[in-house]
Every structure is written in structure tokens, then in C-alpha cells.
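Participant: Each chain, letter by letter, is given below.
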Amino acid sequence: MASKKTGRAGQWAASLKKKRGDNVRRKNLMRAYFVLALLAVGAVVIALHLSTSSIKNAAALRQHAENNQLLDTVLRPQRGNIYDANMELLAQSANVKAVVCWPSKFLAIEDEDERAAIMTAIADALAPLVDKKPETVLAQLKKTKNSSLSIRVQAEKPMSDAVSLYLFGRKKTSTEEGVAAASYLYTTKDATGAKVKDKFYAASVVGLDPDTKRYYPKGTFASSLLGFTGRDDVGLYGLEQQFNKELTGIPGRKLTAQNAAGGDMASDYDNYTDPIDGNSLVLTLDATIQRYLERELAQAQKDTKANATSGIVMDVQSGAVLAMAGTPSYDLNRPMEVSDEQVRKALEKINTAEAKKKDTDTKLTEAERKEKALTDAQNNMQKNHAITDIYYPGSVFKCLTAAMALEEKVWGLGDHYYDTGSLQLGGRTYHCHKRTGHGDQDFTHALMNSCNTYFITVGQKIGVQKFSDYFEAFGLTEQTGFSTFAETKPKAGVTYHAGKTMSVVDLASSSFGQSFQVTPLQMLTAISAIANGGKLMTPYIVDRELDAQGNTVKKNEPTMRRQVVSADTAAKVTEMMRQVVVDGTGKNGYVPGYRVAGKTGTSQKMVTSEHDGKYVASFVCFAPADNPKIACIITIDEPGNGQINGSVLAAPVAERVMEDSLIYLNVVPQYSDTQKIGSTYSEKEMYYDEVPKVVGKDIKEAQELVKKNLLTARVIGEGDKIVSQVPAAGEHLYKDGVVLLYTTKEAREKNTTAPDFMHMTPDEAKAAAASAGLHLLVKSDLPSLVDGVRVVPRAYRQSLAPGKSFPQGSTVTVTFKKYSSETEYTGTFVE
Amino acid sequence: MKDVPKTTQRSRRPAQKSNTMPKKRTASSTVQRKKSREKQERVGEVDRLPAILKRIVPHLSEYRLWTFDYKRGTGLTGLVQAIRAQKSVDGFFLCMVLVLLAAGLVMMFSAGYVDAQEHLGNAYAYIKPQATYALLGLVIMAVVSNVNPKVFRGFAYIAVAVSFVLLVVVLVYHTNLGAGREDIARYIPIFGGTFQPSEIAKLGLILFCAASMEARRAEIYGNTGRVKKRVSWWRGLLAIAPYVVVVGGMSGLVFLEHHLSGTILIAFLGMVMMWLGGVKWYWFMIPIGAVAAFYLLYKAGFSPVVKIFQSYMLERVKAWQDKSYDPLGARWQVNQSLYAIGSGGFWGSGFGQSKQKHLYVSEPHNDFIFSILCEEFGYIGAIITMLLFALLVKQGFTIASRQNSSDKRFNSLLCMGICFQVGMQAALNIAVVTDTIPNTGIGLPFFSYGGTSLVILLAEMGMVLSCSRTTRRRG
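So the sequence lines, in the order shown, correspond to chains A and B. For the first sequence, our numbering gives the first residue as 1, with consecutive numbering after it. For the second sequence, our numbering gives the first residue as 1001, with consecutive numbering after it.
Here chain A stands alone, though its shape is the one from the complex (with noise of 0.2 Å):
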């Protein structure tokens, strides 16, 4: 560049520039593309290495972020509630809250030993408050490893409370002191870096989380039939789970941005999801009959020292399970406590000698023994005895041998056959129970007596095909479809025996009940096909379910399976069924005033060692036999107090049952004065009263004779004698129907007024009439369900004209009309 050359340096550079300057400024020029070409190797390796992340793997790291960013919280949705028949509550959820823990939090206090002494004080102070050990607490903080984890759950609110205060402490207000907010000291370093102490709050590592508990505000009511729900509301047995996801509902989702701080961050991605609550599910159970059954099994555990019990009460026109229940029960808020009194004692006896003995031979500790125990005891309380226990039917079953020979035509009503006590068949002997022999019968005094040999005879006329035919038609080779997971699954050659390889012997033990096994579900709805005219219908439990809103979204109609047998036949072997109760062994079922139709079973349970000699008592029945509304199944499984007769053990049972729920159903008692009770009185001479002349009579003596006619006497007015009665002498009354005795005239000629029934319950009309001092005669034909649904009637019509004077001691007769149901009631009836 230099043109002009001065003097030396001139010169100097001109040479350099000529001979060496365009070399050396080529070669610095090249060292400095060199270093250019460094930088931009540098670039390109930088580039393709930035493209990897934010064009390849964009994706996916995009994904780390938002998993970082965003907090996903789940929404839950309220589990639906229970409700039996009349909207009676049975379960229901409320919000509580979980004590959790952050132990990485703890990582914040750098000091060891600091940290270990502030995490004992944080579980010592902790402990008592969620009712744990301060052990159990500072196992859950030491695990410094998580993030977040469980301390209590389902802590209520006398409890969250608790923590709370113990976590955020309270502000001084007038009337309290405040407290402060539970802290520690530690060290930590300032923004110097020098090391300072400072508080370490609690809260920043405990706290509160929504949780939900599940109520059961009867206890143990219909426990095996409702089941409970685990930890997050997920249904473990029963309904809970067979309906888990209709009662669960849609959780929810709130989706929102956080910083590294946890601290609220502005972003579009927020979004948020209404959780759906779960349906409530409304039952066909009606209470009031569950309680009927609960109360009697209850009392026949008691008495019958049995294993267990089962009983079932079902519509048989509908199919609708109006009670269902078993013994042992359980508490419902506490499904993992033993709560029976018999189980509870017969755990604590087992680590005497002589369950050790028993034991030898599975060798096992006495801890596991024990744990072993009450984990049987456990599952024997939890179980739905009714759906899941298998057994064979017995003489039950001999109701259905007789349908099927009846439709087959194969035996006729009045067929004779003569029992000598036994019979040879396939080169076994089979006896009758009454070893001596029945003599000679027909074919309904054969079902009265249960004769087994008898229906031996019936069976093989039937023949193993027609036999097993009818088997499957009754439903008793599948599930009934009441639960299709919780019921026990019949098996082919397991559980009973298929047509194909059914042998002659098998078919004669077969048809009187032995050698197949059943639920007392299956065994119910069989007979209730033949109490419902032939026609086999599905059993269900759940009428409807209701949104959050409370709007019906799926109802359950009755499904008709098949029609077994016709209905001629049906009302062949219910009249049979009918004499069982009225002079043959089912007598104890026999309920005054409804034609209850029955059949008693003693059967054998399977021949093992375990339960060798142990027997289940089971009595089946439905009323009334002209028009049945309802059958019910009692079981007893081993029974331990020396009885095994269904007879003796479950008629009684079935029999109280049924009585007190036609009652409640406002199925009319109609008492007949042909129908033989025994061979010397009448029905209506036994069990409805003549009133017994009384006037004259000093107090206590009428009262004595009025008792002995097992009527009630209530006495009206001041005097000594008795003046006047109402009923009047010679008139009949039902049992326990009230008889008016007057002292004075005065008191005789009081009048009263006659309530308005119109529109009431039968028991609010009853109360009326009592406070009223008249006499209710309830007058009522309804089915006690209508499509499924409980009808809840109300009076529409009485005798006496409301609000005109009557006589005290009047009776009324009261008619009652049907409402679909009680939401629906509006004053305006169905017709």
C-alpha cells in the first residue's frame, strides 16, 4: 500500500512489500481466516447441536417443561349416595381432609442433626394430634427421598382442625389468645452467606389436602349387601363396587401454570374441567323389611349359634330385592372391625389348646394363626352370604321336581305312591328321613311329609334329559344377574350336575335337592317363578339411578327371563306349597291371616372332613298364595345348637319376617272360616276374637277376660263397673284389636270427630284413629310394588264422614290407594 518510499523504512517496505511484505501479510492474513474459520466451525457445531434441541427433540423437551410448569389437579367428583326405596339415606360422602407430608422439604435444613431434632419435635407434636404413634409420623418425615406423601387420611374436622391450628396457628382475636404458627429454629445462610438462624416453619412441610370420607349413617344396616368403599372412594365390596363407576362419577381437571416457586404463573394454558358427580343409585330395598330381616337373623344367629345366616326378601312379580341380608354383620364406617359379639369372642379363644391342637398339623405360628382367624372372620362379615354362598338346596327343591312332573305331565295331583322308608336305585339305598316310611300318599302330602323317596321316584319319571331341562330353565345353572361378579358362578359338574353326564343316581339324589349346590338367590328365584304363575325374572337391586341433579337417569324395569312352567301348573304346586304351611313340616311358617306358601330343607353340606356332620336349615316361602306379592328365602348354615331342622330353625325366622312386612305392605289379612288350623278351629276362630260380654263387670275383672281373648282393653271414664262396651259382645276382632270400656254413661256418650284421612299414610292414619279414639280397619289391595317401584298408598276414601260426630270406640274402614312413589306424590292419584 505504501507507494511512496521515504528514506530507509521507505525503502524497507518496499522490499518487504516485493519480496516478503505480500508474503507475511498473506500469511497473517491466513492465520486470521484460520481463527475466523475456528469461530465459525465452532458455529455450525453449535447450530446443528441447538437444532437437535429445539427443532428434534422440541417435542419432547416442551413436554419436560410443561411437566414442570403445569399443575395438574384432579377434580373429584362426590361419590353418589345410597337411598333405599323411600329416599332413606344408606350411604353418603363428605369432604374431609388428609394430613400429608413433604419430607424433601426437610432437605432445606442443611445441618443433620438440626434436621433430625426439628423433624422428632415436628412428629411429636404431630402424633397426638392425628391419633398415630410418633414413631409411625417420623418414619413418614425421615423419607426425605419424597416428595409428598400420606400421614392420616379421612381426617375429620374436629381433627383437621387440630393440625391446622397447630400448622397456621390463629390471629389474637377479642376473645382468644392467638397462637402462633408452630416453628423451629435452624441455620441457615443470609444473602451474605453468613450463617444466621432462622424459623423453620411446619407448615412448609405438612399440610392439608382435600379428601372425601364415605358415611354410612346406618351402621351396620344391609352392610353385606352395600359393601364400603377404600381409601379415594373406590367401591371394595358390595354394591359399592358392583356400581363403583356409576356412583364415582367424572373427576374433574384444573390445569394450571406454576413457577419453580410454586407460585401462580400467567399462561394459556389454563383450563378447567367440571368434575361430574357420581348417580346416586336408589335401591328397591325397602328398609323397613331389611330391618324386619337384619333384627329376626340377628336373633336366629343368637339362638341357632349358626356360622352364618342369610335371608332374602324378594317381589315376585317384579323381581325386585326388597331386603337382603346376613349374619355375622359389620359396621360399615369400620369395615375392618370385627364387630359381632359371637365371632369377636370365638377369635379371642383361638389361641387356646385346643385350637393349637387343631392346628398341629399346618404348623403355623400362633401370630399367623391368629392373623389367619381374623382374616376368615374378616371375610365370613364381608361377604353377601345370600349371593355368594353356595349350598345344597334339600327338600326346597322338591317344590320345582314337582312343577316340572306337573308341566311334563309325567305325575299326576293325585298320583299315589307308598313309602316304605327307603328304596334301592342304581345299587345304592336311599332313605327317607322318617325311617319307617311315610306309607301311602299322594303327591301333595308327599311334599307336606318331604318325602324323599317319594320324589326319587317323581325325578327318575322325569327323566335326566326333561330334569335337566328344567334345571337350566329355573336358572339355576347360570347367575341370576343380580350381580354379575359378586354372585358365585355356577360350574357344570362342579356345582351341579350337566345334562349330558347327569347318571340315574345322580338325577335321584338331584331331585330332592341333594348333589348340587345353589345360592340361596338362585334358590329364591326359582321359586318365585312359581309363585309369579311360571314366569322366572331377573333379580335386581338398583331401581334407579339419579344425577347430582337428582333427575332419574337410567331405571331399571322387571325382566321376565322365560316362562318355566304355565301358570296352571304354578298354582298346582302353590296350593301344594300352601298345605306344607298348613299341616306339613313348614308349619312355622304359617302366618294368620295370609296363605303363606313353604317349604322347609335340611340339607347336608358337602361330606369333607371340615364339614363333616354340619347341616343348613332354610325354610323358602311366599304369600299370599292366592295372589303372591313376596317370597322370602331363610338360610342357616351350621347350625351349632344341636337343631338342624329347617323347620324348627328357619320357618320361625321366615315366618316373622313375612308377617310383619304384609303388614307394612298393607296386604289385607283376610282370615278364613273354612281353612282348618290344625283339625279343631278355624283361622278366623283362632286368630280373630270374639269380644267377650264384659258389662257388669268390675274393671280389673273385664280387663282380665278381654286379655284372655288376646284383645287390649282401655278403660274410658271415672267409675267402678263397667257400663258399656265397644265392640259390642259376640263381635269379632283380629288379635290384639282394642276393646272399649266405658265406666259412666257420661263417658260412653262421649262423641268424636272424625279425622280427615284423605291423603294419609296407612300409619299416619293409624295414629289419627288412635288419637281419635276410633277403631282403623285398614282396607287395601295394593301390590307393594308397582314396576319396580315401592308404592306408598294413601287413604282416599273412609267410612265415617270427616268432621262429623261419632261415638268413641267406632270403627272406620279406611281405603287406601297407590301412589307411584313418594317424590311423585302431589295429592291427585293414579288410578
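Just so you know, the hints here were simulated from the structure itself, not pulled from any lab data. Heads up, some of the hints might be wrong.
[Said to hold, decoys possible] No farther apart than 30 Å at their CA atoms in a straight line, the calculated lysine-lysine pairs in the DSS-like style are these: (1) Lys1394/B - Lys27/A; (2) Lys105/A - Lys142/A; (3) Lys1280/B - Lys27/A; (4) Lys1323/B - Lys145/A; (5) Lys56/A - Lys1318/B; (6) Lys587/A - Lys434/A; (7) Lys1318/B - Lys105/A; (8) Lys27/A - Lys1087/B; (9) Lys143/A - Lys1087/B; (10) Lys142/A - Lys1323/B; (11) Lys1394/B - Lys105/A; (12) Lys383/A - Lys489/A; (13) Lys143/A - Lys1323/B; (14) Lys145/A - Lys1318/B; (15) Lys56/A - Lys1280/B.
[Claimed, not checked] Anything over 10 Å on all C-beta distances counts as not near chain B; from chain A, calculated: (16) Ala94; (17) Tyr184; (18) Val691; (19) Asn709; (20) Met758.
Ideal placement from N, C-alpha and C gives every residue a C-beta, glycine not left out.
Fit chain B to the supplied structure of chain A, relying on the hints for placement.
Facilitator: Using the frame of chain A, we list chain B on its own:
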């Protein structure tokens, strides 16, 4: 320097210190020319600068804003005239500087306001001082760009001496004193703020190398005068010895600060300066061979070598090799950075839309600002930013290549050194952010938070701009 031939006759400005007056002037008006000549003559006689100062700093009187005193008269008129008489700076380079500075400030605010709000309670806590320092830096850049590069050359030896002093001082007086981490000594607290002596040292190193290499060019090249002859190896070693000592000393001192990235940066910068200065290629085989040997010994598990890697350095390397290593500790920063980059994708999520800056990326306004840039402006934004840096460096080298005359060797080396340093820092920072190399503590020039380093950077830019004045634009 007197024996260096003047080659600036064709330039419009006369050589200030030359005793012989230029024969040809190309000023605009003859009146002005006459006036200035009179003034120059008058002032030239009265050299008020103390002789001792002139001796310490040669060419001090060539400081352009002083020269007007002598040649254009005192006062504002003289100043304006002097400035107007200058050649203009390189417009493209200035443009790149301003664009990068503006982008850096905007990006710094966007990336840092959340962090500032969270930690200091004021969203403007980072941008306010940064903007203030940027303005101050621009003023300094303007002033420096008016200083004759010869003055920088004069300050070179002082600068390297000051650098050494500061590097020693920082070892005994630093921000971590009494804070438990005495071993890490990088910052000197001063006037309520802090500054890194290693930043000054880098500049000192560049100045020293440039000045010395210009002066000792012949020894380094291995020839004297016009005759090419072979020189013995020890004379060659003697020629490069000063640079080896200075670079080795500086990186050694920085290593004592436990500042590995700074050590590597200074050592590499020194080597590049030596390379640009013309040191024979075979000398570079020694450090390259040493590094290779070191690496092989480390791989072989030679214990003294392994021990040299201190635990925290090793951990960073480990975290770089094993992508799943300690995600909450050693790899947290880089992972969050990659998440940010991935979130941005190709087109970015838009200005201000970064989510990772919400306390996920640590120091989003500082070392990891580039990841936020990637998140907000995407791959395309990242590439544009890298291109801006590339253009800046390229233009710096272009300015350097224009320093054709042999007395501008200093200018050339200075420009290349400064620009290389900026480019290298940017590359290393981006490489860390993109997980291309292990995590080190290097900021991104123009973007990262830090007042003093920004001011120093802009002063360096001023030096390059000053050099750009002395040359004629090509074309």
C-alpha cells in the same frame, strides 16, 4: 517507533507527532488550512505535557482529543474541529454493536424481570442498572473511539501490569471472604459493586500481545531485515517467552481463583493472539500435545491428573456426559435450559412468552439468557443472534485486515483479539446453554447481566471503532 516508516501520507490527517509537516493537505477550505497551520505551529511549540508522563506512556500526546490542543486550538471549537476532521468509524461494525446491545437489553429485560420481581421485589431491578451501564458504556465507547490507537498501545504494558496486580489482589480480597467459600475468588468488591479482574486481564492480555508483537515482530517471525536466515530454536523460544510467561502467569492466577472457564478462556485467548501474531506453528504443538496427554492420562486414571480436576469441575463434566446425572443438582440448570429451548421450537413462543424464565431457568438474565431467547424467538431467533455475532466478528477481522501498513500491526492484532474474544465468549456461552460443552460460567456478551463487563465490552468496541478510523474504507 521513530524508525518505523510513516505510511499514512495518503490519509487525510497528518501524523500528529511527526516533526516534518505534511506537504500535502486535503482539507476543505484553504482559509481553514491556513488557520490551523498557524495554530499547530503555535501550540506545537508549547508542549505542556509533563515529560515524565510522556516517557511512561509514549504517544500520549497522540491522543486525538489532546492533539487538537496543539493543532487546532483550545476550547470547544478546537474539539469540534478535531472530531470533524477525523475519519468516520466503520458504520457496519458500529451498527452491529448497537443492534446487539439493543437486542441484549431488550432480551435481558424480558428474561430477567420475573427473576427480579421474585428475588428483589422489583421487575426493573436488573434492567435499570444494566441500561444505565449501557448508556455509560456508549459514552465511553464514543470517547474511546476518538482516541488514537497508539495511545492504547502506550497503555498496553501498564494494562498488563495492572491486570497482574488485580489478579493477585482478588486472591486475598474478594466477595466470598468470610462466606464459607473462600476458595472461589473471582470478584473484587468495589464501590458497592463488584468486578472481575479476569475481564480486565483479558483486555490487558490482548493489548500486551498486540503491542509487544508489533514491536518484536521480527524476532517472532524469525528474521531481521531483508535477509532471510534460519534462527536457532532457543532464539525462537526467547522470542515467544514473554507471551508464554504472561499468558501462563495470568491463567495460573485465574486458576487459583478456582475459575476454570476463565483459565481456559485466557489460555486460549493468549494462544490465539500468539497465533495471530505469527508465532511459528510448531510451538502450538506443545500445548496441544500437553492437553492431549493430559486427557489421555485422565482417561487412563493417572491419579495426580485426576486429582487436579477438582470435584466441582468434575461434576460438571459428569453432568454433561451423563444426561440423567443428578437432575435436581448438577444438571438442573442445563436441563431447564434445554426445556426452554425445546419449548421454543423452531419459531419460538413469542416475545415475552417464555415460561421457563419463571424461575425454572436459573439466572435467566445472566449465563442462561440465550435459552430464554431460544424459547421466545425459537431456533430462527437463535440463528439470527448467532449471525449477528458472526457478522460483528467478521467485520472486526475485516477492520483488522485493513490495517495494512506495518505500523498498524498493533491495530490489526487488537481488533482481531477483541473480536475473537467476543466471538469465543458468545460461542462458549451458547455451547453451554445448548449442552454442547460442560457447564461453565461464561456470560453472553451484550446480553448477560453485568454492568462492569458491559462497560468494558463497549470500551473494547470503542477501541475497534477507533482503529477503524485510521483506515480507508475499501471501495
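Participant: So if I understand the rule, the pair passes when the alpha-carbon distance is 30 Å or less; does Lys1394/B with Lys27/A pass?
Facilitator: holds, 18 Å
Participant: Does Tyr184/A sit more than 10 Å from chain B, CB to CB?
Facilitator: With a cut-off of 10 Å, Tyr184/A remains clear of chain B, as the shortest Cβ separation is near 23 Å.
Participant: Is the straight-line distance between the alpha-carbon of Lys56/A and that of Lys1318/B 30 Å or less?
Facilitator: Given that 30 Å is the threshold and the Cα spacing comes to 24 Å, the pair holds.
Participant: Would the hint linking Lys587/A and Lys434/A be met if the CA-CA limit is 30 Å?
Facilitator: With Cα atoms ~18 Å apart, Lys587/A and Lys434/A stay inside 30 Å; holds.
Participant: CA of Lys143/A to CA of Lys1087/B, is that 30 Å or under?
Facilitator: violated, 72 Å
Participant: Does the structure keep Lys27/A and Lys1087/B at a Cα separation of 30 Å or less?
Facilitator: Satisfied, since the Cα-Cα distance of roughly 29 Å is no more than 30 Å.
Participant: Confirm or reject the statement that Met758/A sits farther than 10 Å, beta carbon to beta carbon, from all of chain B.
Facilitator: holds, 70 Å
Participant: Taking the minimum C-beta separation from Val691/A to chain B, is that value above 10 Å?
Facilitator: Fine: 91 Å to the nearest Cβ keeps Val691/A off the interface.
Participant: What's the verdict on Lys1280/B and Lys27/A, does the C-alpha distance respect the 30 Å limit or exceed it?
Facilitator: It holds: about 11 Å lies between the C-alpha atoms, which stays within 30 Å.
Participant: For a C-alpha distance cap of 30 Å, please report whether Lys105/A and Lys142/A respect it.
Facilitator: The hint holds at about 11 Å.
Participant: Would you mind confirming whether the straight-line C-alpha gap from Lys1318/B to Lys105/A stays at or under 30 Å?
Facilitator: Judged against 30 Å, a Cα distance of about 26 Å means the pair holds.
Participant: Mind verifying the non-interface call on Ala94/A? Its CB should be farther than 10 Å from each CB in chain B.
Facilitator: The assertion about Ala94/A holds, with a minimum of 37 Å to chain B.
The structure does not agree with the numbered hints 9, 11, 15 stated previously, though it agrees with the rest.
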